[in-house]
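J.: Residues per chain are reported as follows:
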Amino acid sequence: MSLLLALPVVLPLAAAVAGMLTLGRPRWQAPIGLAGSAALLAAAAALLTWTWREGIHVLEVGGWPAPFGIVLVADMLSAVMVTVTGAVGLAATVYSFRVVDDGRLRAGYYAFIQVLLMGVSGAFLAGDIFNLYVWFEVMLMASFVLLVIGGERPQFEAGMKYVALNLVGSVMFLSGIGLLYGATGTLNMADLAVRVAADSAEARYATVVAMLFLVAFGLKAAVFPLYSWLPASYHVAPAPVAALFAGLLTKVGVYALLRVFTLIFTQDAGYTRELLFWISAATMVSGVLGAAAHQDMKRILSFHIISQIGYMTMGLALATPLALGGALFYMVHNIIAKTNLFFIAGVVRRLRGSYELRELGGLARAHPWLAATFFVSAMSLAGVPPLSGFFAKFIMVRAAIETREYAAAGVMLGVGLLTLFSMVKIWTEAFLKPAPAGAVSEGVVGAPSWVPVLAFAALAIAMGVGAEWWWRPMAMAGEQLFDRQGYIDAVLGGAR
Amino acid sequence: MELLLAVTVGWLYACGLYLLLRRTLAQVVIGLALLTNGTNLLIFTAAGLVRGEPPLIGGGETALRAGTADPLPQAMILTAIVIGFAIQAFAMVLAYRVYRSVGSDDIDALTTTEPPPPPVTVQAEEADG
Numbered sequence: 114m115s116l117l118l119a120l121p122v123v124l125p126l127a128a129a130v131a132g133m134l135t136l137g138r139p140r141w142q143a144p145i146g147l148a149g150s151a152a153l154l155a156a157a158a159a160l161l162t163w164t165w166r167e168g169i170h171v172l173e174v175g176g177w178p179a180p181f182g183i184v185l186v187a188d189m190l191s192a193v194m195v196t197v198t199g200a201v202g203l204a205a206t207v208y209s210f211r212v213v214d215d216g217r218l219r220a221g222y223y224a225f226i227q228v229l230l231m232g233v234s235g236a237f238l239a240g241d242i243f244n245l246y247v248w249f250e251v252m253l254m255a256s257f258v259l260l261v262i263g264g265e266r267p268q269f270e271a272g273m274k275y276v277a278l279n280l281v282g283s284v285m286f287l288s289g290i291g292l293l294y295g296a297t298g299t300l301n302m303a304d305l306a307v308r309v310a311a312d313s314a315e316a317r318y319a320t321v322v323a324m325l326f327l328v329a330f331g332l333k334a335a336v337f338p339l340y341s342w343l344p345a346s347y348h349v350a351p352a353p354v355a356a357l358f359a360g361l362l363t364k365v366g367v368y369a370l371l372r373v374f375t376l377i378f379t380q381d382a383g384y385t386r387e388l389l390f391w392i393s394a395a396t397m398v399s400g401v402l403g404a405a406a407h408q409d410m411k412r413i414l415s416f417h418i419i420s421q422i423g424y425m426t427m428g429l430a431l432a433t434p435l436a437l438g439g440a441l442f443y444m445v446h447n448i449i450a451k452t453n454l455f456f457i458a459g460v461v462r463r464l465r466g467s468y469e470l471r472e473l474g475g476l477a478r479a480h481p482w483l484a485a486t487f488f489v490s491a492m493s494l495a496g497v498p499p500l501s502g503f504f505a506k507f508i509m510v511r512a513a514i515e516t517r518e519y520a521a522a523g524v525m526l527g528v529g530l531l532t533l534f535s536m537v538k539i540w541t542e543a544f545l546k547p548a549p550a551g552a553v554s555e556g557v558v559g560a561p562s563w564v565p566v567l568a569f570a571a572l573a574i575a576m577g578v579g580a581e582w583w584w585r586p587m588a589m590a591g592e593q594l595f596d597r598q599g600y601i602d603a604v605l606g607g608a609r
Numbered sequence: 783m784e785l786l787l788a789v790t791v792g793w794l795y796a797c798g799l800y801l802l803l804r805r806t807l808a809q810v811v812i813g814l815a816l817l818t819n820g821t822n823l824l825i826f827t828a829a830g831l832v833r834g835e836p837p838l839i840g841g842g843e844t845a846l847r848a849g850t851a852d853p854l855p856q857a858m859i860l861t862a863i864v865i866g867f868a869i870q871a872f873a874m875v876l877a878y879r880v881y882r883s884v885g886s887d888d889i890d891a892l893t894t895t896e897p898p899p900p901p902v903t904v905q906a907e908e909a910d911g
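Residue numbers (my numbering), protein chains in the order written: chain A, 114 to 609; chain B, 783 to 911.
There could be a bad hint or two in this list.
Stated by the list, open to error - Here chain B is said to cover these stretches of chain A; the calculated rule only asks that three of the stretch's residues, wherever they fall, bring their Cβ under 8 angstroms from a Cβ of chain B:
| id | stretch |
| --- | --- |
| 1 | 136-144 |
| 2 | 241-250 |
| 3 | 287-295 |
As the list claims (entries may be wrong) - Distance ranges between label pairs, derived from CB positions:
| id | chain 1 | residue 1 | chain 2 | residue 2 | range |
| --- | --- | --- | --- | --- | --- |
| 4 | A | Val578 | B | Gly792 | 38 to 46 angstroms |
| 5 | A | Gly579 | B | Leu860 | 43 to 51 angstroms |
| 6 | A | Glu167 | B | Arg804 | 25 to 33 angstroms |
| 7 | B | Gly792 | A | Pro498 | 51 to 59 angstroms |
| 8 | B | Met874 | A | Arg219 | 34 to 42 angstroms |
| 9 | A | Gln598 | B | Ala788 | 50 to 58 angstroms |
| 10 | A | Ala119 | B | Val789 | 52 to 60 angstroms |
| 11 | B | Glu843 | A | Gly182 | 19 to 27 angstroms |
| 12 | A | Ala485 | B | Ala868 | 43 to 51 angstroms |
| 13 | B | Asp887 | A | Gly176 | 48 to 56 angstroms |
What the hints assert, rightly or not - Partial pick of chain B residues on the chain A-facing surface, computed with a CB cut under 8 angstroms:
| id | residue |
| --- | --- |
| 14 | Ala828 |
| 15 | Thr861 |
| 16 | Ala868 |
| 17 | Ile869 |
| 18 | Val880 |
Bear in mind the hints are in silico, worked out from the structure with no lab data behind them. For clarity, every value in this text was computed on a predicted model and none was experimentally measured. Ideal Cβ positions, reconstructed from N, Cα and C, are used throughout, including at glycine.
Throw the hints in and build the complete structure from the sequences for me.
T.: Listed below in structure tokens is the structure:
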């Protein structure tokens, strides 16, 4: 039964291999990708219910006991994130039907999406810090290819920046692992947690290593001041790829921050939380101000990714069970809303041939359904009740007030208001104002693109209306993150 | 020996970062390679250097003797080398394709992904006219 933990990695791998072997047959690519994504979602959902009922699960790969062998660990945080990964992967795959041209199909477009999903799922399930690095690299390699696939000049330019900066992050991550192994002699995350906490001489050294990890993961998560690569690269990718990146990649960085700073580096909590607090506040504010300055739909949305990341890391800075659970709730809400906004931007682009707000207009009258889904996703992102974003922000603000961090609560509410401003800007410019003369060129958008858009809008409503129900697994994840002993016992229990 | 290797790691990092900040694409790629190799050497050094004690279990023994070299960092480095190799190969091809499509190997020429300049205001146009 514990082999279920390996399925979120194995299933996309199988689909990717099948896709690569049949590259000469473009017709097979989409069905194989669909099968892989759907299987991943099913396996992840099974894993989530299993973890929900029975607590943290550990798979010792190859049968080697915990601190020595590689382990895969699923707690609620991992299980929820893998499930969301499956959902986003499935939506992006369906959205890509009939959009992807033959050249991209022959370059292995669907297969690389599967590789990306495998890397993301692996990173969420890894219980070993070096393994986490390897999954990060798998994910990055796939994202490099997906970003440049299609071979247009802006893609190469953005790809170069994206590759260079992400590699610097990887080098920092790997250096941190090397130094941590030199100090403690272990790579297992639970074992690391025990050793870093037990030895005070190593603990001081561990804070230095923790800062290397903070920079490495901060760069992947695009926190202030390490986010410059994100608005320079995400907007050149095709809509489904941009949606996939926007939904998942930065969240893997946030996940890694949550994991290492709740489990391993708790030895100097006052310092790291203070630092994270200011980083989060600066991330929220600079991201939302960056968005206010732009007129291109995809660019505005890219800056909002950054600003929303700040809310999640703020949960880590506040570090109460409520705040940690809230960070996860926020992450899930944000993945749903943000992915859909990128999907919708892609639909707008195909209808009107532009992302520029100045060249858009009149979409509300011409396409009421599109307008409705945009409205739901945008208002959800801005935190308007009763949508998912309202409850995400509500939990975070409440966590801030409970810990007497009134400044954090103020920043979150202020940034929420500016987010609303940004979303209203897109709404009035692209949807409400009359179309500029001569600009209307109606492209065709097929059913495969509408299905994920409508499904994710429905999810944003469901997560708001049924917030109580959605909150329960997140609250459980928050408790598990706060009580790290439970994780340590689950992983090392068999060995002691 | 540790000191020598530590200085070498530092030197590789310094050279790598310097090259990364240069404006030529080829130098950026070489900088990435130096950084990757510096990290590999760092893992090797940080895990402790042991001379002439391979991690082999002798005849009639059941476990490693104390003081033998640790094989795990070397396994890690091997993995890191493979990953680094793949990514460097990709970065080189990408740099070449950027050079081919942009027609320059100057990083400052990579501007098509940047936002267009702000629209000229009416006042400025009047001033020009």
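J.: Taking each numbered hint in turn, which are not upheld by the structure, reported in ascending numerical order?
T.: Going through the list in order, the structure violates hints 1, 4, 6, 8, 9, 10 and respects the others.
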